[in-house]
Amino acid sequence: DQQVKQNSPSLSVQEGRISILNCDYTNSMFDYFLWYKKYPAEGPTFLISISSIKDKNEDGRFTVFLNKSAKHLSLHIVPSQPGDSAVYFCAARLQTGANNLFFGTGTRLTVIP
Amino acid sequence: NAGVMQNPRHLVRRRGQEARLRCSPMKGHSHVYWYRQLPEEGLKFMVYLQKENIIDESGMPKERFSAEFPKEGPSILRIQQVVRGDSAAYFCASSPSDPQLTDTQYFGPGTRLTVL
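Residue numbers (my numbering), protein chains in the order written: chain A, 3 to 115; chain B, -4 to 111.
FYI, nobody ran anything at the bench for these hints, they're computed from the structure. It is possible that some hints are incorrect.
Rough simulated footprint, nothing fancy, chain A against chain B, three-plus residues with beta-carbon under 8 Å [said to hold, decoys possible]:
hint	region
1	12 to 26
2	39 to 50
3	99 to 111
In this text, a Cβ means the ideal position worked out from N, Cα and C, and glycines have one as well.
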């Protein structure tokens, strides 16, 4: 049962343009959301997070938007750079205090120079 | 400031052998999580440990798999009598002592287990 879904397995964007990665979830008990970036043969690297009490969090070129009513979040990267090419995972945590993360299946972003 | 360390990075075992995967959390972190990633899939939670305690093992198969985080030394994920379906990347993550203060888990580079 995939509670966190990333329906686009891949995305290609021109350098300098905006990349928008999407994530949907089914469990309304999730209270904290994270985005990780992963290069081949490496572990996921934390990028940015958002609490369910907020609808936007920004850190440099990265902004995460949360729409709780739609159970949808998105990661915006602007401007996109070739070094951003990687697999991006959306993850969520339950508010029950269980600290394990539920991950989506990932979106492979390719930024074309 | 070293990050989460895992070893070995690559492990090859024949069916029926045992696999031992090690994880040293970041300095100052006492919470360890193990995740498994099968090819073309996302990471799946297996077990959450604190020093000398298993807090949540709901994601771990009931048989052949065990985990520990002793008072001294790294956390160990042990897989007995490995089968081909155990071939995957196993990631360890750690978080600071009080998860209520910081919600972010930091991941190691992973151990890629191949069962022949």
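Evaluation of the provided hints:
1. 12 to 26: Since three or more residues must qualify, the claim that chain A covers the region 12 to 26 of chain B is violated, with 1 doing so at under 8 Å.
2. 39 to 50: The restraint on the region 39 to 50 of chain B holds, since 4 of its residues have a Cβ under 8 Å from chain A and three suffice.
3. 99 to 111: Held - the region 99 to 111 of chain B has 8 residues with a Cβ nearer than 8 Å to chain A, which meets the minimum of three.
Violated hints amount to a single one, hint 1; each of the other numbered hints is respected by the structure.
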